[in-house]
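Chemist: Sequence:
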Amino acid sequence: MTDHRLTKEVQRIFLTIAALVFMVSSLYASPLPFTNFEVRGQMPVQEIFRVQQNQAALNFNLAESRNSIVQVGSYTLVSNNSNSQFRMAIRPGEFGDQDQFAFVLDEDEPLLAGQLSVIPFTVRVASDVSQAVSVAGSQAMQKDLGVRGVYANNEAILYETGEILAEIPDFDPDLYATGWYSAAIQLSIEVL
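Per my numbering, the sequence shown starts with residue 792, numbered consecutively.
Each hint should be verified, as a subset may be incorrect.
Straight-line distance between alpha carbons at most 25 angstroms, and here's what the computed DMTMM-like set of lysine to aspartate or glutamate pairs gives [stated by the list, open to error]:
#, residue 1, residue 2
1, 934, 838
2, 934, 954
3, 934, 958
4, 934, 890
5, 934, 946
6, 934, 885
Quick list of the computed label-pair ranges, beta carbon to beta carbon [to be verified]:
#, residue 1, residue 2, range
7, 924, 861, 17 to 25 angstroms
8, 873, 848, 29 to 37 angstroms
9, 844, 880, 29 to 37 angstroms
10, 963, 983, 26 to 34 angstroms
11, 854, 946, 47 to 55 angstroms
12, 844, 930, 16 to 24 angstroms
Keep in mind that the hints were calculated from the coordinates and are not lab data.
Each residue gets a CB set at the ideal place from its N, CA and C atoms; glycine is no exception.
Based on the sequences and whatever the hints tell you, model everything.
Modeler: Printed below as a string of structure tokens:
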């Protein structure tokens, strides 16, 4: 009888294991109530226009800078929007309302009769990207910005970097009043 009981117990264990194996294998064989997950992400449009002022352009000797070029600042444009186009407007004066780019004697500086107080100059916006256009002038001007395909060989990215330069003409410093002279260059970006 003990053999019979042992045999029955072995059969019961075997049947339990067989049932477990069958249930587990049927779980793997039949599909679960869901079969996939949906995952979505978005690549946001990023458009950056950055201008940096050259600190050396805030305090330099005009007389020693005659007939030379002063780096006023630099600019960078990056856009991953494949449809975007930009134009930069370069205007003389803080509000872009002056006739020409010029250094003007500050108001609180003394001006004697017969002394000059305005030194015109030319602004050049020179791109560091070989396929981009550079512009120069003594009055307001515009420049198309950005070249596709030069940034990581990606045609969708519009990219350009360059310098904003002031070309100081040759002039006789003895004809001008001494003191602080100021000039302003206004940059604005237009989306086309």
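Chemist: Determine for every hint whether it applies to the structure shown.
Modeler: Here is how each hint holds up against the structure:
no.	hint	verdict
1	934 <-> 838	holds, 18 angstroms
2	934 <-> 954	holds, 13 angstroms
3	934 <-> 958	holds, 18 angstroms
4	934 <-> 890	holds, 18 angstroms
5	934 <-> 946	holds, 20 angstroms
6	934 <-> 885	holds, 19 angstroms
7	924 <-> 861: 17 to 25 angstroms	holds, 22 angstroms
8	873 <-> 848: 29 to 37 angstroms	holds, 35 angstroms
9	844 <-> 880: 29 to 37 angstroms	violated, 18 angstroms
10	963 <-> 983: 26 to 34 angstroms	violated, 44 angstroms
11	854 <-> 946: 47 to 55 angstroms	holds, 49 angstroms
12	844 <-> 930: 16 to 24 angstroms	holds, 22 angstroms
Of the numbered hints given earlier, the model fails hints 9, 10; all others are met.
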